[in-house]
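2 protein chains.
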Amino acid sequence: MADAVVVACCQLAPRIGELEANRALAHDAVVDAADRGARVVVLPELMNSGYVFEGPDEAAGLAEALDGPTVTDWVALASEHALVVVGGVCERDVEGGILRNTAVIVDPSGLRAVYRKAHLWDREGHVFCAGDGPPPVADTVYGRIGVVVCYDLEFPEWMRLPALAGAELVCAPVNWPRESRPAGERPQEVVRVQASASVNRMFIAVADRVGRERGVDWVGGSVIVDPAGFPLVGPAGDEETVTVLASCELAQAREKRISPHNDVFADRRPDLYGAVANTS
Amino acid sequence: MADAVVVACCQLAPRIGELEANRALAHDAVVDAADRGARVVVLPELMNSGYVFEGPDEAAGLAEALDGPTVTDWVALASEHALVVVGGVCERDVEGGILRNTAVIVDPSGLRAVYRKAHLWDREGHVFCAGDGPPPVADTVYGRIGVVVCYDLEFPEWMRLPALAGAELVCAPVNWPRESRPAGERPQEVVRVQASASVNRMFIAVADRVGRERGVDWVGGSVIVDPAGFPLVGPAGDEETVTVLASCELAQAREKRISPHNDVFADRRPDLYGAVANTS
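First to last, the protein sequences are chains A and B. Terminal number for the first sequence in the working numbering: 734, no gaps in between. Terminal number for the second sequence in the working numbering: 734, no gaps in between.
Honestly, the hints are just simulated from the structure, not real lab data. It is possible that some hints are incorrect.
Intra- or inter-copy, both count: the list cannot distinguish identical chains.
[As the list claims (entries may be wrong)] List of simulated lysine to any residue pairs, SDA-like, C-alpha gap at most 25 Å: (1) K710 <-> Y727; (2) K710 <-> D593; (3) K710 <-> E639; (4) K710 <-> N732; (5) K710 <-> H580; (6) K710 <-> E611; (7) K710 <-> G728; (8) K710 <-> V696; (9) K710 <-> D586; (10) K710 <-> E633; (11) K710 <-> G620; (12) K710 <-> A720; (13) K710 <-> R632; (14) K710 <-> D457; (15) K710 <-> V506; (16) K710 <-> A682; (17) K710 <-> A458; (18) K710 <-> A619; (19) K710 <-> P631; (20) K710 <-> G522; (21) K710 <-> F684; (22) K710 <-> G491; (23) K710 <-> D671; (24) K710 <-> L618.
Working from the sequences, and respecting the hints, build out all of it.
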């Protein structure tokens, strides 16, 4: 396991509007994860702001640019502790004067990748502009790391893009609103992550939030899944503030063969995937 | 539940090369399922022949045309019991003089759809020619029913095709070779079926086989999953010959909205799915 890296997902409870407190919460969680050996740390979606905005005006008042204090702190932490940090921010996109539901990948060299969530959930469309760019993949000292945000995970075509670009690990900051499910069943959000990991033979690390916010509860369910689709740790509980950690040999994700004659990428038949099904 | 239909998946133990016995096994299982109220009956992959061929010659000796005794019997059963039957056959494709790993949809009016497995598993490529046609969807008296075969389930792009064509239920004859998995974990094959059902908001019904064959064991795990991705029945055990049944209100699968502002089809961004991920 010479090439193994410890990945941590920090399941935190940000509070809507409390920018400084949320920044401190993230800061302390990253330091704690680093102290416990983590070298890749994933934080939830919209970590700086909270999620359940009353509307676009409230979100605009909480948004910050990518050179603002949140990302700046993550870059400093990455440098000080030799980390990759992946987390979500409520972003004021200075180019367009618009708001974005954004996630960044930072490493000791600085801001490596910016991703604007492309599939918006529920009322997010009233607040954020969806991104048009594919999930980025950064070649870091710990491996090739991609990022998506929350509802993006429900579009398998989208998960293919970082996979085909060579991502060994896809990090997913999420805020998963909790829905009811049959007793004994894993949250469907986690099931979909497992399936995406296994069909792409890559690791996926998800950091969800907890803490009821304006009537919304959350799945929790932070999880690190291996390329076979099984959780290495988690899913976490739906109320606990917790950091889940797992040692991941990311190079395992370069192996796409799953039988003497099968390879999950080579076996794809993309020329047929634009077909229209025959109906009779 | 006026429009509910009982779907049955018959988890059987065919034996390699025993054509008549296998046909009788399928026949009796279909009659039994019909007696228990089923109107859609799913049978395993390669039901007529068994799976673990010594090579193409053995398979060729077992293959039959679509007007052969197996499909003819299923058509007769469908007519007699007012059924839709979906099952797998080792097919001699009379047009090409080649072998196909095929599944058919039959209903009381006869053979409604023919599907040749497009993604071949392991040594199947030495025996069968892969199909080039998308999964068909048949508009039956019980609903819109599609079909895929086994390894096809691992390609989410493929599952989209019948979903987008309006399939309310996709039936999947499979032969899932058993692999080890962590204690307490569901087979990854089942997890992927759950994810495909939920991202497409459709029912999926899987009939696997059991019965060790030339050293190969099987997952079993026959299952009927609802559009939320949860099993209505199953997964079955890995040794039991059993028919699992569930009442399915197939019209539920026409509802693709999952929040006041989300629709799993309308939220897709297919123009972006051909993108190449940014790497840095």
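To test your reading of the hints: which numbers does this structure violate? 8, 20 and 22
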